[in-house]
Amino acid sequence: MQEIKNLIMKDIILEWRQKYAFNGMVLYVVSTVFMCYISFKLKTNSIEAITWNTLFWIIILFSAVNSITKSFIQEKAGRQLYYYQIAKPSSIILAKIIYNFILMIFLGFLGFFIYSVFMGNKAENLWLYLLSLTLGALGFSASLTLIAGIASKSDNTAGLMAVLSFPILLPMLSMLIKLSKNAMDGLAFSSSYDEILVISGIDLIVITLSYMLFPFLWKS
Amino acid sequence: MRKIWWKFLAAGLLLYSVIFGLIGEVPRQPILNETIRNVYFHVPMWFGMMALMISSLTYSIKYLRQGQIQDDVYAVEYANVAIVFGVLGFITGSIWGNYTWGDPLPKDPKIIAVEVGLLIYSAYFVLRGSFEDEQKKARLSAVYNIFAFASFMPLVWILPRLTDSLHPGNGGNPAFGKYDMDSNMRMVFYPAILAWILIGVWIASLRIRIKLLNNYLQENI
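The listed protein sequences correspond, in order, to chains A and B.
Under the numbering used here, think of the first position of the first sequence as 1, with each following residue one higher.
Under the numbering used here, think of the first position of the second sequence as 1, with each following residue one higher.
Think of the hints as simulated: they come from the structure by calculation, not from any bench.
The model shown is predicted, which means the values in this text are computed figures rather than measured ones.
Keep in mind that a hint or two might mislead.
Said to hold, decoys possible - With a straight-line Cα cutoff of 30 angstroms, these simulated BS3-like cross-link-like pairs (lysine-lysine) come out: (1) K153/A x K10/A; (2) K153/A x K76/A; (3) K10/A x K76/A; (4) K178/A x K110/B; (5) K62/B x K153/A; (6) K153/A x K70/A; (7) K62/B x K219/A; (8) K211/B x K136/B; (9) K181/A x K110/B; (10) K219/A x K76/A; (11) K181/A x K41/A; (12) K70/A x K136/B; (13) K43/A x K178/A; (14) K181/A x K107/B; (15) K5/A x K88/A; (16) K5/A x K153/A; (17) K211/B x K219/A; (18) K136/B x K153/A; (19) K107/B x K122/A; (20) K181/A x K43/A; (21) K107/B x K41/A; (22) K41/A x K122/A; (23) K219/A x K136/B; (24) K88/A x K136/B; (25) K62/B x K3/B; (26) K3/B x K211/B; (27) K136/B x K10/A; (28) K19/A x K5/A; (29) K88/A x K62/B; (30) K19/A x K88/A; (31) K5/A x K219/A; (32) K136/B x K76/A; (33) K153/A x K211/B; (34) K5/A x K76/A; (35) K178/A x K107/B; (36) K70/A x K88/A.
What the hints assert, rightly or not - Covered, in the sense of this in silico footprint (three residues per stretch, anywhere, with C-beta under 8 angstroms from a C-beta of chain A), are these stretches of chain B: (37) 121 to 128; (38) 143 to 149.
The beta-carbon is built from N, C-alpha and C at its ideal position, and this holds for glycine as well.
Working from the sequences, and respecting the hints, build out all of it.
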């Protein structure tokens, strides 16, 4: 437990010291939202509810892929070897997942705030929408962290990351869009239990698998 | 002879299912009419694909547990043949859909699921292509194979049941077995499934043998 806490603290401190990477991620979200604002809202002055929702999730998906890609390539191979000596692989992956989860929660909520400022807030049941955002952040961070681990071993990390992660995230993304559509229609929590259950199930599967499979990645 | 009996079984069953699939009695359904015979060819492709994907998965797990490179060869070749079966199922399905649903690619969760599945396995081969070192390639692609399979399953088995689908057995539509298929059809349908699974395993085993022999030659010459 202490080990995981230390590793998370290490990541946070590292991020804090090199602020440019973090600022880059924030700027990525902001400028993407702004681009959508320019191309949708300013041009036609209206956006359909479904487009609004899908666009938001695509922005979140891209910023997630973009920010989690660097989980394992940001530090040099020598330092990775050092962690390999002093920490268990299972605590490394858990620490990375938790750290990326915090990061995704932050980016997602920030993105949602900016998005609703620019594009208007269409979510009637705000709490359900934020719940779907949280579940999405959890699923994205767990699956993307493992895939970042795989992709970081190759030379073409960024390209491989997109190719490997999009098909895997698709089932989750389609469920999330469905759940957040329910939230936009202002349906009560009780009518979306099915979706919440399925997404939590997928999240659980993804976390368990990352936890089990990461030790094999770490060895190479 | 002891070990190849299942190849004769596969060939025999396939011959049986093709002949009786085309000349056997089938019930006349409103829109389906004679196209219902496609059940003998379209559906077994999916069963074959699932069986081959599960074999590929088991060999990936086995590789991670024991680290023998030949298990990796097994996993790749099963995945290869699974893709071929997936593409064939896709084609037979869209021909069928063209005449019954009036559209080769209607909006349907099962079709989306299989498209995603093909994407996942294509990504698996892209991943394999990007590494030189054999052990590294094998280990990383085994990890991806397991991970991809686990996230592919909810897409195929759970999501279509939550949304509306044109396929039987989903979204309130009754499954084929419930009322369309009579006992005549079942006599052909079940052997056809078994035949196609066996054929898939046969093709894969031939490819595995070729690959293993190639590896052997490269190491010894």
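The hints, checked one at a time:
1. K153/A x K10/A: holds, 22 angstroms
2. K153/A x K76/A: Satisfied, since the Cα-Cα distance of roughly 12 angstroms is no more than 30 angstroms.
3. K10/A x K76/A: Holds, at roughly 15 angstroms.
4. K178/A x K110/B: holds, 17 angstroms
5. K62/B x K153/A: Holds, at about 22 angstroms.
6. K153/A x K70/A: Answer holds: K153/A to K70/A is near 12 angstroms, not above 30 angstroms.
7. K62/B x K219/A: holds, 17 angstroms
8. K211/B x K136/B: holds, 18 angstroms
9. K181/A x K110/B: Judged against 30 angstroms, a Cα distance of about 21 angstroms means the pair holds.
10. K219/A x K76/A: holds, 16 angstroms
11. K181/A x K41/A: holds, 20 angstroms
12. K70/A x K136/B: holds, 20 angstroms
13. K43/A x K178/A: It holds: about 27 angstroms lies between the C-alpha atoms, which stays within 30 angstroms.
14. K181/A x K107/B: holds, 19 angstroms
15. K5/A x K88/A: Given that 30 angstroms is the threshold and the Cα spacing comes to 13 angstroms, the pair holds.
16. K5/A x K153/A: This hinted pair holds, its Cα atoms lying about 26 angstroms apart.
17. K211/B x K219/A: Answer holds: K211/B to K219/A is near 27 angstroms, not above 30 angstroms.
18. K136/B x K153/A: holds, 9 angstroms
19. K107/B x K122/A: Roughly 26 angstroms separates the two Cα atoms, so the pair holds.
20. K181/A x K43/A: holds, 24 angstroms
21. K107/B x K41/A: holds, 29 angstroms
22. K41/A x K122/A: holds, 14 angstroms
23. K219/A x K136/B: holds, 10 angstroms
24. K88/A x K136/B: holds, 20 angstroms
25. K62/B x K3/B: Holds. K62/B to K3/B sits at ~23 angstroms (cutoff 30 angstroms).
26. K3/B x K211/B: The hint holds at about 20 angstroms.
27. K136/B x K10/A: Holds - the C-alpha atoms of K10/A and K136/B are around 28 angstroms apart, at most 30 angstroms.
28. K19/A x K5/A: This hinted pair holds, its Cα atoms lying about 21 angstroms apart.
29. K88/A x K62/B: holds, 23 angstroms
30. K19/A x K88/A: Satisfied, since the Cα-Cα distance of roughly 28 angstroms is no more than 30 angstroms.
31. K5/A x K219/A: holds, 22 angstroms
32. K136/B x K76/A: holds, 19 angstroms
33. K153/A x K211/B: Judged against 30 angstroms, a Cα distance of about 25 angstroms means the pair holds.
34. K5/A x K76/A: Holds, at about 21 angstroms.
35. K178/A x K107/B: Roughly 16 angstroms between the alpha carbons, so the hint for K178/A and K107/B holds.
36. K70/A x K88/A: holds, 21 angstroms
37. 121 to 128: Contact hint for the stretch 121 to 128 of chain B vs chain A: holds, 3 residues under 8 angstroms.
38. 143 to 149: holds (count 5)
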